[in-house]
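Hey, can you work out the whole structure from these sequences and the hints?
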Amino acid sequence: MRNTLRYSAAALLLTLGGCEISNQPAAVPEANTAALNDEFTKDYLTTSKEVEKDFYLFESKTGGYTMIFPADAVISKEFNETRETFYETIVYGAARKDADIMADATFENKPQTQDIESNLDLLSTAVGYTGEYKEFKEKDKRIYYAKERSEIDGAISYTFFSFIKSEGDYQAVEFIYNATCEKSDESCPSAAKDQEKIALKIMNSVTFK
3 MRNTLRYSAA ALLLTLGGCE ISNQPAAVPE ANTAALNDEF TKDYLTTSKE VEKDFYLFES
63 KTGGYTMIFP ADAVISKEFN ETRETFYETI VYGAARKDAD IMADATFENK PQTQDIESNL
123 DLLSTAVGYT GEYKEFKEKD KRIYYAKERS EIDGAISYTF FSFIKSEGDY QAVEFIYNAT
183 CEKSDESCPS AAKDQEKIAL KIMNSVTFK
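Mapping to this note's numbering: the sequence shown position 161 is 163, numbers consecutive.
Think of the hints as simulated: they come from the structure by calculation, not from any bench. Please read all numbers here as calculations on a predicted model, not as lab measurements. You can take every hint at face value.
Heads up, simulated EDC-like pairs for lysine to aspartate or glutamate below, C-alpha to C-alpha not over 20 angstroms straight-line: (1) 203 with 61; (2) 203 with 142; (3) 112 with 123; (4) 211 with 142.
Next up, the structure:
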């Protein structure tokens with residue numbers, strides 16, 4: 003669904019750290035969260051009230067789906083693209099105490115999404131993965147999930163990714179959630195487990211419209 007170049011751009015944004023995120027001015031007094039304090043991000047949220055603790059509800063500009071969105075995250079203006087109602091990609095990040103977070107959600111509503119194997123191959127290529135996927139079936143969608151661990155320049159990167167396919171139509175979301183922490187940090191493994199739970203929570207929240 004998405005190409006390696008776009009994933010590299012997301013990785014670059016993560017490498018730059020939380021610059022775009024941590025330097026956001028608290029211009030909106032209604033809530034002390036990064037998501038609401040950033041006007042670009044706020045425009046994607048259906049309400050300024052949390053739908054559950056630490057999460058708002060995100061709605062795609064295509065109108066194709068919703069998902070929960072972390073209150074401490076900010077959507078990048080640079081790595082963002084929407085094409086009418088059939089394609090959208092967003093990248094968002096958050097700087098947390100235990101890890102730096104970068105996530106990429108790509109939506110497509112095209113016949114090509116029906117070819118699950120090809121889409122999983124593209125996703126695997128994008129993240130450098132060679133293993134198998136776990137399949138989770140739900141009433142209105144199927145989730146093909148996997149994870150990968152890698153080490154880069156003294157840091158450990160945990161990537162949790164999935165291809166989420168709507169049942170009965172062409173809608174699909176490719177979701178990649180990356181958590182990076184210092185290799186020297188003894189809490190890194192436990193932080194990765196916590197971040198995987200969050201990643202799965204977001205994936206499971208995807209609701210097609």
